[in-house]
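Use these hints to put chain P onto chain Z, whose structure you have.
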Amino acid sequence: MQPKSLNIISLVSVGAHPTSGRARRAEQDARAVELGLRLAGDQLQVLHAGDPHEEALRAYLGMGLSEMTVLEQPKQGDALPLLSNYLKDSGAQLVLTGSQAETGEGSGMLPFLLAEQLGWPLVVGLAEVEKVDNGVAEVLQALPRGQRRRLKVRLPFLASVDNAAPAARQSAYGPARRGQLVAEDVAVVEDSLLAEAQLQPARPRPKRLKVIKAKSGAERMKAATAKASGGGGQVLKDVSPEQGAEAIFKLLIEEGVLR
Amino acid sequence: MSDIIRRDPRAEWIARNRLHPLHAAMQKVESSWMGPNGVIRKNPHAVGFIGPNGIKRIDRSGAQQGGAGKRSAASAVVQLPLHVVEQPAFHIVVVPDMVGGRLSSHDKDLLGLANKLAGSDGAVVAVVFGDYKETAFDTAGVDRLLHIEGEVFDGYAPEQRVLALSAVESQLAPRHWLLPDSRTGGGELGRRLAAKLGERPATRVWQVADGQCIGRAGAGQQDLLRSAPRLILAAVECADPVSDTRHEVRPLQLEDKIARCLPRIEDLGAVAVNPALIPMAEAEFILSGGNGVKDWAQFHQAAEALGATEGASRVAVDDGFMPRNRQVGATGTWVTARVYLAVGISGAIQHLQGIGACDKVVAVNMDPGCDMIKRADLSVIGDSAEILAALIKLATEYRQGGARDAA
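Going down the list, the protein sequences come from chains Z and P.
Quick note, the first sequence lines up with residues 1 to 259 if you use the working numbering.
Quick note, the second sequence lines up with residues 260 to 666 if you use the working numbering.
The shape of chain Z in the complex, shown without the other chains (with noise of 0.2 Å):
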């Protein structure tokens, strides 16, 4: 259905198991690499950079691809840089990536950095990619609430895709260690940031306390004692049903959820 000239790139990282910490695919990233297969099938391509020898990549190459490519680069070095200078070169149309990386800092940047330094468009929440025409994509972008919205943007662009996309297929054991990861030589930049950071095991947030600020006694046992009341609603008594649901239907046009 799609045209066959689609070139796809999806962008992956090793995540963590969000009980034991160990390496797995990470969740998001599949879920990008899945959008990939939907769309390009087995002409997807698939990048890393990092480790070569990590075994949780093989996973990816469990969802039916032949091979991946990884940028060789120790665990401190700054994907980034080589990332762009891999993508302008390589022809790519759409380039897929989680929206946030489950190990490291984690900050969502990649996405916006990568958009920022090929200057492509950027689409955030990707959830569906409806046609691809004369180099135009009409996209849907998940919104909060489940809610949709229709894109239209011009090829090359990037997409971040968060957990509104379709699931991730299973990863089978054949596939995953037939599959071939070609590592490439690059020059590793060094990320500064952990020179002045410093990862720590997450402390639990303290929770908010319930502060009343009451000077007197009764205040004191007023607020302990309140109903939950919004205080001073409107109240339409003696009204026709008409000019009812005529004050109802405004306040849903003011709050904008009728659509």
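Bear in mind the hints are in silico, worked out from the structure with no lab data behind them.
Derived coverage of chain P by chain Z (criterion: at least 3 residues anywhere in the stretch with Cβ under 8 Å from a Cβ of chain Z; other residues may be distant):
no., region
1, 442–454
2, 474–482
3, 490–504
4, 538–547
Some chain Z residues well away from chain P (every beta-carbon gap over 10 Å; in silico):
no., residue
5, G62
6, L65
7, E67
8, D89
9, N134
10, P166
11, A167
We put the beta carbon where it would ideally sit given N, CA and C, even for glycine.
Chain P alone, transformed into the frame defined by chain Z:
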């Protein structure tokens, strides 16, 4: 104002005129007096005063002298002290999300953090795009309000907004940029701005203190401790909201014109999603039915016409009119809708707990004294079936009118 004793000349005149029909009624009733034999006599009925809800109260502290005492003006709302920054030494710029045109609790936390960072010398600038409905910028802690309008900022226009923010950057050179790290726009706008300005932001920050900030890293298993950068994307509850000062909300203008860019991403508008497929906990607009709904077919029809997600009270679920997974309240789902339309629900406390996070509650009920109406922002007393029928009619007309305009 409230301390000024006000005379009531009419009452004084009636008190002087013993023939006036109201004379006896307006005489102050003595509660105790010396009897003819030197014994103190008391009238227990004259003690105390009638409280605001019609119940007789006796205040023995002597603080209150009853309703017949001095007349004073209606008690004015206590004004919080005004925080004035005449010549700001520096600026802290906050770009709130303004979901639905109002400051969300996340935005208010962020303004609280901004005020902490600004101290007494700096000014907190809020940058607001497009129309807004918020009226409480002053108590939320906004010293300067920069309102940027124009049809290029309507809809989804992140690139144009980033251009506007970089104009703000060149005019004010703020010490910190603060944006909410939320999915409702702030997270995206902040990262775009960071890429544009070439700043490395601190993301998912939950604490800023002494020039250091702590934010979540990775998948939330680790914290990243670093010195606070210029651009901070803060998580919810990053600081306490402003509660005891009032701020000026002085309007601020951009001096230069904002550069225009050709939008590379074109917004084709929202897509209709099936509201029944949206999880109820995150639905934006819920139509909820309770014991007062008699015609359930009409209720479903109304939900479809309005495009609302359906909910129900416990009674409606127990009676078998709605499935269990649609129950709202303590035992069911705690919803976060922006608009909650409750039809025939009287508002048991468990139900009111479940809708605690809702912004606007609309109640349709027969009983004007029920608890739901005390909670609601708009209530209509009347028969739910007739009101729903009228609503369906209005919504269908609105949809058809919109379709005709588009054609």
